[in-house]
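Trainee: For the protein sequence lines, the chains are A and B, in the order given. The first sequence begins at 207 in our numbering and counts up one residue at a time. The second sequence begins at 138 in our numbering and counts up one residue at a time.
Bear in mind the hints are in silico, worked out from the structure with no lab data behind them. Built from N, CA and C at the ideal position, the CB exists for glycine as well. Treat the hints with care, since some could be wrong.
Said to hold, decoys possible - Straight-line Cα separation of at most 30 Å, DSS-like style, residue types lysine-lysine; simulated pairs: (1) Lys232(A) - Lys248(B); (2) Lys139(B) - Lys179(B); (3) Lys179(B) - Lys219(A); (4) Lys216(B) - Lys182(B); (5) Lys219(A) - Lys248(B); (6) Lys248(B) - Lys182(B); (7) Lys219(A) - Lys182(B).
To be verified - Some chain B residues well away from chain A (every beta-carbon gap over 10 Å; in silico): (8) Val141; (9) Ala154; (10) Thr155; (11) Asn164; (12) Lys182; (13) Ser186; (14) Ser189; (15) Asp194; (16) Arg196; (17) Arg203; (18) Ser205; (19) Tyr207; (20) Leu224; (21) Gly230; (22) Gln241.
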Amino acid sequence: DAGVTQSPTHLIKTRGQQVTLRCSPKSGHDTVSWYQQALGQGPQFIFQYYEEEERQRGNFPDRFSGHQFPNYSSELNVNALLLGDSALYLCASSPTSASQFFGPGTRLTVL
Amino acid sequence: RKEVEQDPGPFNVPEGATVAFNCTYSNSASQSFFWYRQDCRKEPKLLMSVYSSGNEDGRFTAQLNRASQYISLLIRDSKLSDSATYLCVVNTGSGNTGKLIFGQGTTLQVKP
Numbered sequence: 207d208a209g210v211t212q213s214p215t216h217l218i219k220t221r222g223q224q225v226t227l228r229c230s231p232k233s234g235h236d237t238v239s240w241y242q243q244a245l246g247q248g249p250q251f252i253f254q255y256y257e258e259e260e261r262q263r264g265n266f267p268d269r270f271s272g273h274q275f276p277n278y279s280s281e282l283n284v285n286a287l288l289l290g291d292s293a294l295y296l297c298a299s300s301p302t303s304a305s306q307f308f309g310p311g312t313r314l315t316v317l
Numbered sequence: 138r139k140e141v142e143q144d145p146g147p148f149n150v151p152e153g154a155t156v157a158f159n160c161t162y163s164n165s166a167s168q169s170f171f172w173y174r175q176d177c178r179k180e181p182k183l184l185m186s187v188y189s190s191g192n193e194d195g196r197f198t199a200q201l202n203r204a205s206q207y208i209s210l211l212i213r214d215s216k217l218s219d220s221a222t223y224l225c226v227v228n229t230g231s232g233n234t235g236k237l238i239f240g241q242g243t244t245l246q247v248k249p
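With the rest of the complex left out, here is chain A (with noise of 0.2 Å):
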């Protein structure tokens, strides 16, 4: 059983570009979390996906988009990159119960 996969794995982009990174959830979860990681921090909650609509969102700005799609898998989308948007995103599942697993991360680095 595969368990949260997102790609890339790596991504190197130019300031004001947009990127679009993907993520599927671990089978039988229905529930998507985004996070960002900045460097010696710990992760900060992006937003949550279920039934294909935003449940709820952290303090980040409408730069910041996401999708989810009927199969559960989701898209984070970041328009008009700044510098700080420099990190780890970090894609998590969750069944029924609190707990959230997450995927290895794509790296993006703003340049």
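Start from chain A and add chain B according to the hints.
Mentor: Just chain B now, with coordinates in the frame of chain A:
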């Protein structure tokens, strides 16, 4: 004030030592609590859930004090492989509806 606060360390201990990590959280309505472990440049992995009654998993013991809004993790007989960052995590919602709030993490380095 951060919602979840941890001493970032690093904690440098010899093999076989007992080490304790603490964290405090600010939202008294928090519903569930966890410790995650994160190895360098890897994703966080669930180490254990934390309950008010205290719970143990092998060499690891976790404790929650709701009145003091305090969470602890005790590692006995430290192994080299325990070297990692330990993240204190609070879930603000019920079931899978909540968001995870992470502390900064505490770095543990176990030396031979």
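Trainee: Each hint needs a verdict: does it hold in this structure or not?
Mentor: Hint by hint, here is what the structure shows:
1. Lys232(A) - Lys248(B): violated (35 Å)
2. Lys139(B) - Lys179(B): holds (24 Å)
3. Lys179(B) - Lys219(A): holds (21 Å)
4. Lys216(B) - Lys182(B): holds (18 Å)
5. Lys219(A) - Lys248(B): violated (39 Å)
6. Lys248(B) - Lys182(B): The hint holds at about 22 Å.
7. Lys219(A) - Lys182(B): holds (28 Å)
8. Val141: violated (8 Å)
9. Ala154: holds (25 Å)
10. Thr155: holds (24 Å)
11. Asn164: holds (13 Å)
12. Lys182: violated (7 Å)
13. Ser186: violated (7 Å)
14. Ser189: At roughly 15 Å from the nearest Cβ of chain A, Ser189(B) sits farther out than 10 Å, so the non-interface label holds.
15. Asp194: Per Cβ check, Asp194(B) is outside 10 Å of chain A; nearest 14 Å; holds.
16. Arg196: holds (21 Å)
17. Arg203: Non-interface label on Arg203(B) holds, nearest chain A Cβ at 16 Å vs cutoff 10 Å.
18. Ser205: holds (21 Å)
19. Tyr207: About 18 Å separates Tyr207(B) from the closest Cβ of chain A, which puts it past 10 Å; holds.
20. Leu224: The assertion about Leu224(B) is violated, with a minimum of 6 Å to chain A.
21. Gly230: Label violated. Min Cβ-Cβ 8 Å, cutoff 10 Å.
22. Gln241: Given a closest Cβ separation of 5 Å, the condition is violated.
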